Amino acid sequence: MTTAVADSHEAHEDHGPAKGLTRWLFTTNHKDIGTMYLIFSLVMFFVGGAMALIIRSELATPGLQFVHPEFFNQMTTVHALVMVFGAVMPAFVGLANWMIPMMIGAPDMALPRMNNWSFWILPVAFGMLISTLFMPGGAPASGWTMYPPLVLQTGDAFPFLIFSVHLMGLSSIMGAINIIVTILNMRAPDMWLLKMPMFVWTWLITAYLLIAVMPVLAGAVTMLLTDQFFGTSFFLAAGGGDPVMFQHIFWFFGHPEVYIMILPAFGVVSEIIPTFSRKPLFGHDSMVYAASCIAFLSFIVWAHHMFTVGMPLSGQLFFMFATMLIAVPTGVKIFNWVATMWRGAMTFETPMLFSLAFVFLFTIGGFSGLMLAVAPADIQYHDTYFVVAHFHYVLVPGSIFALMAGAYYWLPKWTGHMYNETAGKWHFWLSTIFVNLTFFPMHFLGLAGMPRRIPDYSTQFTDFNTMASVGAIGFGVSQLIFVYVLLTAKKGAHATDRVWEAPRGLEWTVPSPAPYHTFDTPPKLRVAQESFE
Amino acid sequence: MAACRRVRQVNNIMIRKSLLSVLGLTGASAAHADWALNMPKGITELSAETYDLHMMVFWWCVAIGIVVFGVMIFSLFKHRKSVGAEPASFSHSTTAEVLWTAIPCVILLIMAVPAAETMIRLEDSRDPDVSIVVTGYQWKWHYKYQDEGVEFYSSLALPSVEARPKQSGVDPFSVENYLLEVDRPLVVPRGKKVRLLMTSNDVNHAWYVPELAIKKDAIPGIINEAWFRAEETGTFRGQCAELCGKDHGYMPIVVEVVEADAYQAWVDTRKAGDAQVAQMEK
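Residue numbers (the numbering used here), protein chains in the order written: chain A, 549 to 1081; chain B, 40 to 321.
Calculated directly from the structure, the hints in this document are not laboratory data. One or more hints might be untrue.
Unchecked claim - One side of the interface only, derived from the structure: several residues of chain A facing chain B at Cβ under 10 Å:
#1 701
#2 774
#3 790
#4 824
#5 869
#6 922
#7 924
#8 1050
What the hints assert, rightly or not - The list that follows gives simulated cross-link-like pairs (lysine-lysine, BS3-like), each with its CA atoms no further than 30 Å apart:
#9 310(B) - 231(B)
#10 310(B) - 80(B)
#11 205(B) - 179(B)
#12 117(B) - 285(B)
#13 973(A) - 567(A)
#14 80(B) - 179(B)
#15 120(B) - 743(A)
#16 1039(A) - 120(B)
#17 743(A) - 1072(A)
#18 183(B) - 232(B)
#19 231(B) - 179(B)
#20 117(B) - 973(A)
#21 120(B) - 1038(A)
#22 232(B) - 179(B)
#23 973(A) - 120(B)
In this text the structure is predicted, and so the values were computed from the model without any measurement. Glycine included, each C-beta is placed from N, C-alpha and C at the ideal position.
Produce the complete structure using the sequences and hints provided.
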């Protein structure tokens, strides 16, 4: 097996990567594009993080200290757009680009030129979005949900907001098409669907979600555009339109979007926990069915974001029951991870630590999610800090911890060297402590009745806000350790092909660092697995 | 009831002090006492029901958490390589998988039934005693009592207005009910069914008072309904809960619940006052 790979590697030595800037501009190589996606998302993570720190600094004590309310609203809006579309989603696409071809034994992505294009759209889209901060009237300030009529009060930034959302959607759709085509057509000959690794499975499902809902978002924002500039009244009551219709369309996109950001995270931890438990993933097939089930349910629960807009009783009951149902397949996934650890032989390297924290803290986000599903209680929680706590628990120690886990797990395969484990552990422990200090107190603020998206608050909310702000600054600073780990990534000991003691998957059969071209001839999954015994 | 609440408050303060001393944050904020860890029980039958639902789901989550995290933590200590654990090789158990699909379904059913019952009562706004049209504006509320012929705007009170700008020089802690006080509160009678008809003049707002367990969006072109029957007199505060522009954080809601005769007296004075204003405007 390994010799076959080494041979093909040698044969391609003559046309390795091009030199200089053009290598990155014109590359069609999945590894180069994956690297660009990952670096881009890390930069966006820090841009969005800086905005979060502006928000938390302002909220550290009551009274306005640093910013005006207009600017505060711009920060909450752009922070969310940057983190959702610029950090979390591209980071998972980056992992997909790097790892899916290597996990299924394909030489590259199926549509390499489109792959290049779908990446290079992103810097343009975010350059445009961030440039709105310097426009008359400032950046969009209507929240990332862009509800009309408020969003129509945006200044010159408005058409740029719409166009950048269109571009992000375009990029996501092309990325998703590429991933589906690659997975369905380019697997190793004996890797039938239920033999695929969980990361590949969750991405296949995610890609379908993307194709289904990104056009819906594009349609919704286009209607906003025509309402603003071409005299239509899709969402304007004065012209016979309906502001609530936008919310329905937006959340038809928005709820599957939530799973777009978490399903690949499920995939990542489903790769890591078995490796460091030295035991196969428990219930591989039921994990696949659970993920498919979650994906299906994500299409019929959107209005649970809208329990206060005034829906008919029957609608509210339907969306409440459907939402509660999601707890079942999500529970199955968590039980399966715990069962994978059960009677394993665990070790606790950085990727495993991040994955374990993921299981713990995502579950806490799941609990608050279950509470939010109960419609009468949701009416109290809605649009308060309880919701802010909930979705940050599933997104930060959820999606972002899974991304960190994945980065540490595959970094030696990418660089050929072991990263600095001590720094990794510091990164983990500080992140975990501060993430909880930031977001746990927000549950109490929300229950006490503090609304979201306010720049200043009544004095009884002070203590928990101060805690959250201290936590946020600590969390932000801790992420610099990750940058240090990346900068010193090539200084560690040489990594073996398999890197860890017990990973199982085709990506561990190629040398570390992975050569520029891998699997020019399709591998045999069975042969690879036998080599691991 | 009031005594009970005071005990709760004292408990909260004690928990808070111990929490904060752990974090070393005590010094900065010992001055204010009105502090809460949990959702208020509120002053209506439905707010109490909502609170009970919230606590029921919360305790289910705690119970599930103890089981799941308990097993996981046990495993983390017992099944680690450093204590010489040998990995097993099992990867399926139909019994376990059926059980942990079926049991959550049963638990969900136990939660869903009372939740649906409360939801049905929340939506029953028939036969109100008092109907008030609530209109959201950027950035204040307008109240119009439908049968009494009383209407007025309700905006952020002056002390907060003076304290809120950057570099105002006023310490928010020195302002009573900072950002939660209005010039003219909504006055309602105790024990009567009050129906609110919500709409908006410009963008979406949401009328939110935790003690009444009401949060309802005020949307232009749409009239939404909510109702409550307050069982206690007193002053209850809330805020706009739907982002509505730059002063979204500055349009609080204050509801004064008074006895029926005091309410009638208030309506009469308001009416006389309004008539006087109308006279003067002529």
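Hints, one by one, checked against the model:
1. The beta carbon of residue 701(A) comes within 7 Å of a beta carbon in chain B, closer than 10 Å, and the hint placing it at the interface holds.
2. Checking residue 774(A) against chain B by beta carbon gives a least distance of about 18 Å; that is not within 10 Å, so the hint is violated.
3. With a least beta-carbon distance of about 7 Å to chain B, the hint placing residue 790(A) at the interface is held under the 10 Å criterion.
4. Taking 10 Å as the C-beta cut-off, the interface hint given for residue 824(A) holds, the closest approach to chain B being about 9 Å.
5. Evaluation of the residue 869(A) hint against chain B yields a held restraint, the C-beta minimum of about 6 Å falling below 10 Å.
6. For residue 922(A), the suggested interface contact is upheld, since its CB lies about 5 Å from the closest CB of chain B, less than 10 Å.
7. Against a cut-off of 10 Å between C-beta atoms, the interface hint on residue 924(A) holds, since the closest Cβ of chain B lies about 4 Å away.
8. Interface hint at residue 1050(A): satisfied, since its Cβ lies 8 Å from the closest Cβ of chain B, which is below the 10 Å cut-off.
9. Of the supplied pair hints, the one linking residue 310(B) and residue 231(B) holds, its CA atoms being roughly 20 Å apart against a limit of 30 Å.
10. With a CA separation close to 34 Å, the supplied pair residue 310(B) and residue 80(B) exceeds the 30 Å bound.
11. Straight-line distance between C-alpha atoms of residue 205(B) and residue 179(B) comes to about 21 Å, which keeps the hinted pair within the 30 Å bound.
12. Taking the CA atoms of residue 117(B) and residue 285(B), the gap is about 55 Å. The hint is violated against a cut of 30 Å.
13. This hinted pair does not check out: residue 973(A) and residue 567(A) have alpha carbons roughly 35 Å apart, beyond 30 Å.
14. Between residue 80(B) and residue 179(B), the direct Cα distance comes to roughly 27 Å. Compliance with the 30 Å bound is thereby established for this hinted pair.
15. Between residue 120(B) and residue 743(A), the direct Cα distance comes to roughly 28 Å. Compliance with the 30 Å bound is thereby established for this hinted pair.
16. Taking the CA atoms of residue 1039(A) and residue 120(B), the gap is near 28 Å; set against the 30 Å cutoff, the hint holds.
17. Distance check on the hinted pair: residue 743(A) and residue 1072(A) sit about 12 Å apart at the alpha-carbon level, within 30 Å; holds.
18. Distance hint between residue 183(B) and residue 232(B) is fulfilled; the C-alpha atoms sit about 16 Å from each other, no more than 30 Å.
19. At roughly 26 Å between alpha-carbon atoms, residue 231(B) and residue 179(B) fall within 30 Å of each other, so this suggested pair holds.
20. Note on residue 117(B) and residue 973(A): the hinted pairing holds, with a Cα-Cα distance of about 21 Å set against a maximum of 30 Å.
21. Between residue 120(B) and residue 1038(A) the CA atoms are separated by roughly 28 Å; this keeps the pair inside 30 Å, and the hint holds.
22. With a C-alpha separation of about 24 Å, the suggested pairing of residue 232(B) with residue 179(B) holds against the 30 Å cut-off.
23. With a C-alpha separation of about 18 Å, the suggested pairing of residue 973(A) with residue 120(B) holds against the 30 Å cut-off.
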